[in-house]
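J.: Below, each chain spelled out in residue letters.
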Amino acid sequence: MDTHQVESPDMSMTTRRRLIASLLAGGAVIAAAPLFAGQASAAEAGGPPQRDPADNEALNSSLERESRMVATYRKAIVGLTENDLIAMTLILDHHVAYAQALTGYLAVDVVNPSSAPLASPAGSVASIARQLATLEDQTATIHTNIIGTIKGIDAAMLLASIVTVETRHAAALELIAGSSPIAAIGN
Amino acid sequence: MKKTSTSSAISRRTMLRSSGALAATTAVLAACSSTRPSVARIGESPTTVKLEEVAVTDVILLRTAMSMEIMAAAMLSDSAVTAIASKDTAPVIAAFAAGHTSQLEDLRVLISARNGEAYTETNAKLMQAYGQTALDLVASGKLATDTLPLTLAIETLIASTYQYFVSLATEPAVRADLVRLGGRSSRRAAITAQLINGGTGGFAPANDKDGVALVATLPSAFGSLSTVQVQLGPVNEVGSRTTVLMDTPSLNSLIY
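Top line first, the protein sequences correspond to chains A and B.
Numbered per the working numbering, the first sequence spans residues 1 to 187.
Numbered per the working numbering, the second sequence spans residues 1 to 256.
Bear in mind the hints are in silico, worked out from the structure with no lab data behind them.
Just so you know, even glycine gets a beta-carbon here, dropped at the ideal spot from N, CA and C.
Be a bit skeptical, because a hint or two may be false.
Sample of chain A residues facing chain B (criterion: CB under 7 Å; computed from the structure) [what the hints assert, rightly or not]:
hint	residue
1	Ile86
2	Leu90
3	Ile147
4	Ser179
5	Pro181
6	Ala184
7	Gly186
Let the sequences and hints guide you as you build the complete structure.
T.: Shown next as structure tokens:
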């Protein structure tokens, strides 16, 4: 009977550890290749961060404001009908989307926000719109001030896209409240 | 019993080791390689002058914002617009133009605080790309109803520009100032949309009875950075009008 036996040298020159170490070294060289090529972007290295954990506290206050705006609009739409109801529900949905976007951004760093309404808008549509326009202006100002304090670009972009529309909310509501177009421009 | 040895010069381990070393060497060589073309050329070859790499700084963004504000003010106060605007809309459009002019001072202060130089011209590239085309269409159409859609497009474009610049700005304080300035154009855009399609019925996107999209004051929940489209000018022989596409400034239209 023939048997085949694999002969191992007494002391192998290539151990598994050496092989893994070689491959790791190779990977490190590949990863560092752009640096050798001189093509690394200086802007990427020294630019502002995409996100910064230090921003979370400020972003939580933005989230709280949006949660309270949602609660305020839920109170405001009670009793509205037809186009007025559709319009205010649209803005309510926008604020729900802002709260969801901020919650998604913060993820596990969300601090349970208050959902107490900021006001109880009541009366005619014009009266309700006047109160909500003021709140929209204040909310846009809060977010804008937070943009001036946070470092992360992603959060700044998110808040900027919110402020762009909240200022539209404010101006449109002022017109519904009875302001003239020139008065609604604001300052 | 016959004993067969498989201890060969080329073992699996040796091969894996060689492959790893070869991959690493290849990566190093590739990184050190020249970008010079290796294709043989007959005759004289033109010298390629590589463009200087310029970082987009906050001052460049602010200077570009000035050029956009000047362009907006110039378009809104152009005789092609003012000559056909109705008596109700003319003062509003004039107030918007004045607003853009007054924002130049805000930008000038921000630029000088960062040792930059203010820019006092319109954005020539964007004026050539779509600004002048839009004005020419309004002038040839002579339709009073073109003035508000043009105004809405301009204000939406300026608001989008400031929103986009937030992603490029380095200093948080500059980002906040950009958002503040953009917010004013957002307000003007909402007012213009209400002048076209007023009341709470004009808030949400909707179509008319023929299925044509109406102007909405609040077309989306978040500020959009997509191309602004506006139909202007005379109706052509097939019953349609020219659509002008307006984009926010890009790297080739920033004011360096």
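J.: Could you run down the list of hints and mark each one as holding or not?
T.: For each hint, the structure was consulted:
The restraint placing Ile86 of chain A at the interface with chain B holds, with a minimum CB-CB distance near 6 Å, inside the 7 Å limit. Because the smallest distance between the Cβ of Leu90 of chain A and any Cβ of chain B comes to about 5 Å, under 7 Å, the interface hint for this residue holds. For the restraint placing Ile147 of chain A at the interface with chain B, the shortest Cβ-Cβ distance is roughly 5 Å, inside the 7 Å limit, so the hint holds. A distance limit of 7 Å between C-beta atoms decides the matter here; for Ser179 of chain A the minimum to chain B is near 9 Å, and the interface restraint is violated.
Because the smallest distance between the Cβ of Pro181 of chain A and any Cβ of chain B comes to about 5 Å, under 7 Å, the interface hint for this residue holds. Annotation: Ala184 of chain A was flagged as interfacial toward chain B, and the flag holds, the nearest CB pair being 5 Å apart, inside 7 Å. Because the smallest distance between the Cβ of Gly186 of chain A and any Cβ of chain B comes to about 6 Å, under 7 Å, the interface hint for this residue holds.
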